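Please take these sequences and the hints and turn them into a complete structure.
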Amino acid sequence: MTEYILLLVSAIFVNNILLARYLGNCPFLGVSKSMDTAVGMGMAVIFVTTLAGVITWVVQFYLLDPFGLGYLRTIAFILVIAALVQFVEMFLQKSVPGLYRALGIFLPLITTNCAVLGVALININEKYDFMKTLVFSFASAVGFALALVLFAGIRERFALMKVPKPFEGTPLGLITAGLLSMSFLGFAGLVK
Amino acid sequence: MSLATEFTKGLWKEIPPFRLVLGLCPTLAVTTAAKNGIGMGLATTFVLVCSNILVSLLRKFIPSKVRIASYIVIIASFVVIVELAMQAYFYSLYQILGIFIPLIVVNCIVLGRAEAFASKNSVVYSVADGLGMGLGFTASLTVLGSIRELLGAGNLFGAHVLWSSFEPFTFMVKAPGAFVCLGFLLGFMNIIGTKK
Chain A
102 MTEYILLLVS
112 AIFVNNILLA
122 RYLGNCPFLG
132 VSKSMDTAVG
142 MGMAVIFVTT
152 LAGVITWVVQ
162 FYLLDPFGLG
172 YLRTIAFILV
182 IAALVQFVEM
192 FLQKSVPGLY
202 RALGIFLPLI
212 TTNCAVLGVA
222 LININEKYDF
232 MKTLVFSFAS
242 AVGFALALVL
252 FAGIRERFAL
262 MKVPKPFEGT
272 PLGLITAGLL
282 SMSFLGFAGL
292 VK
Chain B
75 MSLATEFTKG
85 LWKEIPPFRL
95 VLGLCPTLAV
105 TTAAKNGIGM
115 GLATTFVLVC
125 SNILVSLLRK
135 FIPSKVRIAS
145 YIVIIASFVV
155 IVELAMQAYF
165 YSLYQILGIF
175 IPLIVVNCIV
185 LGRAEAFASK
195 NSVVYSVADG
205 LGMGLGFTAS
215 LTVLGSIREL
225 LGAGNLFGAH
235 VLWSSFEPFT
245 FMVKAPGAFV
255 CLGFLLGFMN
265 IIGTKK
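Sequences listed follow chains A and B, in order.
The first sequence lines up with residues 102 to 293 when you count with the working numbering.
The second sequence lines up with residues 75 to 270 when you count with the working numbering.
It is worth saying that the hints were derived from the structure and are not from the lab.
A portion of the hints provided could be inaccurate.
[To be verified] With a straight-line cut-off of 20 Å between C-alpha atoms, the simulated SDA-like cross-links for lysine to any residue are:
1. A:K134 <-> A:L247
2. B:K134 <-> B:V198
3. B:K139 <-> A:L210
4. A:K266 <-> B:V198
5. B:K248 <-> A:Y172
6. B:K139 <-> A:K134
7. A:K266 <-> B:N264
8. A:K228 <-> A:G270
9. B:K134 <-> B:F191
10. B:K248 <-> A:K266
11. B:K87 <-> A:L280
12. A:K134 <-> B:R93
13. B:K248 <-> A:L261
14. A:K134 <-> A:L261
Source: prediction; values computed, not measured.
Listed below in structure tokens is the structure:
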């Protein structure tokens with residue numbers, strides 16, 4: 102049990118997928134302008150990453166490995182993710198319209214979110230078993246959502262500030278992300 | 075529209091990842107040293123040029139409804155080629171770049187150029203566009219890598235260049251340094267850009 106909790110804490114705080122592993126930066130800067138979109142995107146990412154992590158793990162160990170097709174991993178994974186996103190979108194539209202309206206526009210964007218593919222690949226590279234894959238995928242996505250929401254909170258504040266013209270928008274966003282990342286460095290050493 | 079302008083727009087006017095804020099993940103992650111920046115940049119350039127050629131050749135045959143999925147399959151195929159080639163010939167670089175090689179698949183620059191340019195233009199122009207964008211990306215990564223390597227370790231391309239009592243600025247090679255450094259570079263590029 103302890104190792105799962107350690108994995109959870111490590112993936113959310115210590116090795117935060119956005120701020121320490123640099124994955125998923127495009128949506129991080131793209132959709133963090135307001136709190137609502139950040140929460141929506143965060144939820145969509147948690148949902149898809151967890152599912153994708155588990156499914157790609159099954160694909161790797163029950164489909165690719167037995168047939169010696171390991172070199173097709175990248176293609177197989179991206180197809181699984183693209184199909185999954187499409188499927189989740191259709192399923193939500195039919196059965197949970199409320200959630201679909203909330204996540205709607207963020208779902209298609211997730212296919213090219215490198216955090217999803219990144220987590221799937223890390224699961225395989227680290228040789229996690231099924232339970233660890235589940236925990237790690239979920240925790241990484243929660244870490245992503247946490248960083249995104251925190252960052253959106255900060256960005257909403259400085260939308261009102263006077264900023265030197267050349268630094269408006271993305272440059273200041275990146276520097277802020279750097280400071281946020283620095284504060285997350287404070288968690289280093291908490292868990293190995 | 076001339077070939078030269080299609081090629082050079084990627085080198086300054088629309089240079090990724092500065093002008094087009096796409097493909098940030100590899101930009102931030104692998105630029106701890108100048109050499110890694112070049113390796114990552116060239117790998118991306120290869121994928122970009124090849125996928126632009128194929129997308130442009132097939133642009134009349136791919137139905138528009140499944141175009142994005144088709145582009146992703148095309149890009150993923152070239153990424154696998156790069157991955158296997160690097161594993162065979164540049165193993166140490168392959169280990170440093172790690173999962174960021176397979177992640178070229180989801181680099182928005184590659185998909186973005188396929189969708190925005192190659193799917194609408196002839197093969198020759200698409201090659202010029204891919205090559206320009208790719209080399210612009212490589213140059214950006216190399217510059218960022220050099221700055222971080224110089225300040226973070228006092229080295230340049232692995233050779234020690236600063237004075238011997240130089241205290242390395244470890245912050246630069248860690249995650250926050252990447253964000254801050256890229257932010258400042260972007261800001262300075264905007265200053266130069268608006269002066270004209």
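Each hint tested on the structure:
| no. | hint | result |
| --- | --- | --- |
| 1 | A:K134 <-> A:L247 | 15 Å, holds |
| 2 | B:K134 <-> B:V198 | 16 Å, holds |
| 3 | B:K139 <-> A:L210 | 16 Å, holds |
| 4 | A:K266 <-> B:V198 | 38 Å, violated |
| 5 | B:K248 <-> A:Y172 | 31 Å, violated |
| 6 | B:K139 <-> A:K134 | 30 Å, violated |
| 7 | A:K266 <-> B:N264 | 9 Å, holds |
| 8 | A:K228 <-> A:G270 | 40 Å, violated |
| 9 | B:K134 <-> B:F191 | 14 Å, holds |
| 10 | B:K248 <-> A:K266 | 28 Å, violated |
| 11 | B:K87 <-> A:L280 | 29 Å, violated |
| 12 | A:K134 <-> B:R93 | 19 Å, holds |
| 13 | B:K248 <-> A:L261 | 30 Å, violated |
| 14 | A:K134 <-> A:L261 | 12 Å, holds |
Comparing the model with each earlier hint shows violations of hints 4, 5, 6, 8, 10, 11 and 13; every other hint is respected.
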